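Engineer: Below are the chains, spelled out letter by letter.
There are 2 protein chains.
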Amino acid sequence: MNLLLLEEADFIATDRAVLRDRRLTHMQEVHRCEVGDSMRVGRIGGLMGSAEVLRLDAGEAELRVTLDQPPPAKLPLTLVLALPRPKMLRRVFQTVAAMGVPRVVLVNSYRVEKSFWQTPFLEPEAIREQLILGLEQARDSVLPEVVIEKRFKPFVEDRLPAITDGTLGLVGHPGNYPPCPRALSEPVTLAIGPEGGWIPYEIDLLGKSGLQPVQLGERILRVETAVTALLARLF
Amino acid sequence: MNLLLLEEADFIATDRAVLRDRRLTHMQEVHRCEVGDSMRVGRIGGLMGSAEVLRLDAGEAELRVTLDQPPPAKLPLTLVLALPRPKMLRRVFQTVAAMGVPRVVLVNSYRVEKSFWQTPFLEPEAIREQLILGLEQARDSVLPEVVIEKRFKPFVEDRLPAITDGTLGLVGHPGNYPPCPRALSEPVTLAIGPEGGWIPYEIDLLGKSGLQPVQLGERILRVETAVTALLARLF
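Sequence order for the protein chains is A and B.
Counting from 6, one number per residue, gives the positions in the first sequence under the numbering used here.
Counting from 6, one number per residue, gives the positions in the second sequence under the numbering used here.
The following block holds chain A by itself, in its conformation from the complex (with noise of 0.2 Å):
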């Protein structure tokens, strides 16, 4: 935990905020925190900057807190992304929280198991907390949007145009393409496949919406990693 956030619940007045839960531990076992001390903090959705701690007990810390400093910008895309198995997923929910990404839509396909969609993992309250992590590794105070599409025609027809428009489209795929294009400033949408990958049918359809493939080797990496490699190369 590199940043400590806050939430809206959190706070007693414009600049205090009590904690009790395992922020608290974290302080107390990890930082060792003791009265006087000061931590970076953020508001969850707003800015960052610093708190004192005013009052530490067993139970509860108290923090004035002094939020003057923007989060960094987040990069100009939107990450489509097959859901991944569910012990994956939690770690690429922090990973594209810490990378960085504005809007993960985690889309069907055809490699995708069915069983997968079942997971606990995809609760609201469950991707909020994998994405807090990755907030609180990077220190950055705002959440990516998440988009959840069960059926992958119908979002790559209907609602996938209007958010490649305007932007570079690109489907991460092993294969016969051209490399990943690097240091990009423009707005990109990236697709990125399942295990296994896309099927032809699959990269066809997301050509027809604007994506185009490229690739990034003969080696197939783990979704985590390719997600993590393709956006350490595209911006």
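Among the hints, a few may not be true.
Identical chains share a label here; the pair holds if one copy fits it or two copies do between them.
[What the hints assert, rightly or not] Subject to a maximum C-alpha distance of 20 Å in a straight line, what follows is the list of computed EDC-like cross-link-like pairs (lysine to aspartate or glutamate):
(1) K158 with D209
(2) K119 with D20
(3) K92 with E130
(4) K79 with E65
(5) K79 with E223
(6) K119 with E34
(7) K213 with E128
(8) K213 with D163
(9) K119 with E13
(10) K158 with E128
(11) K158 with D26
(12) K155 with D209
(13) K213 with D170
(14) K155 with E191
(15) K213 with E154
(16) K92 with E118
(17) K213 with E34
What the hints contain is simulated information worked out from the structure, not anything from laboratory work.
Note that the coordinates shown come from a computational prediction; the quantities given were computed from them, not determined experimentally.
Fit chain B to the known structure of chain A by using the hints.
Structural biologist: Showing chain B alone in chain A's frame:
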């Protein structure tokens, strides 16, 4: 598992191998192999190719193996990595193997907890197991070399200069440094710090051995994510 890796001990003739362990289970339960099916295989430390299933029962599989393709190229890189926490270490081994890193040096650092050096995940067999998972994922047959250096100063002063010689020496480090370069083709020696980063003394000493700090932006990434992001950007 995108590539089935064969050990020396699996071969019963130059073109025949018998499997009995988790790879057999994987063939049956994930790939649902049948006699006559063909699979991608590689010989550890050797060529890659395909195998035909000649015989398959609950206890073992016999394969006819044709090895005629070189493994993918490795990156021109030595990665010097402050020892990550054990849970992260396992994933980092998979990631570096998958990304094509040929040599990893695990070093101590002021911010590496002493207890991390006690982890069973540093046993040679445990390291090999994770590296193989990464090779199976990425389709590569050549294990990276892993060197363990428990003392920072003697390694950096006495052995690092010979590694760095003739390479571009870089340290991934947040701060007011030049951005990490992109799309290199020259050999690189890259050092990545622990959670919390290198301390100034370590940055100085690495600099004297030829490694200059570069940064990836203001977001603080987990070690595994930083490794992937730096490699994707450098090469």
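Engineer: For every hint, state whether the structure bears it out.
Structural biologist: So, going through the hints one by one against the coordinates:
1. K158 with D209: The answer is within: 11 Å in one copy meets 20 Å, while 55 Å across copies does not.
2. K119 with D20: Neither: 47 Å inside a chain and 39 Å across chains, both beyond 20 Å.
3. K92 with E130: Within one copy only: 16 Å inside a chain, 25 Å across chains, cut-off 20 Å.
4. K79 with E65: neither (33 Å within a copy, 52 Å between copies)
5. K79 with E223: between (29 Å within a copy, 11 Å between copies)
6. K119 with E34: For K119 and E34, only the inter-copy Cα distance (17 Å) is at most 20 Å; the intra-copy one is 41 Å.
7. K213 with E128: neither (31 Å within a copy, 51 Å between copies)
8. K213 with D163: within (11 Å within a copy, 58 Å between copies)
9. K119 with E13: neither (36 Å within a copy, 39 Å between copies)
10. K158 with E128: neither (23 Å within a copy, 48 Å between copies)
11. K158 with D26: neither (42 Å within a copy, 40 Å between copies)
12. K155 with D209: Cα proximity of K155 and D209: one copy only (19 Å, versus 52 Å across).
13. K213 with D170: For K213 and D170, only the intra-copy Cα distance (12 Å) is at most 20 Å; the inter-copy one is 50 Å.
14. K155 with E191: neither (28 Å within a copy, 45 Å between copies)
15. K213 with E154: within (18 Å within a copy, 53 Å between copies)
16. K92 with E118: within (13 Å within a copy, 27 Å between copies)
17. K213 with E34: neither (53 Å within a copy, 36 Å between copies)
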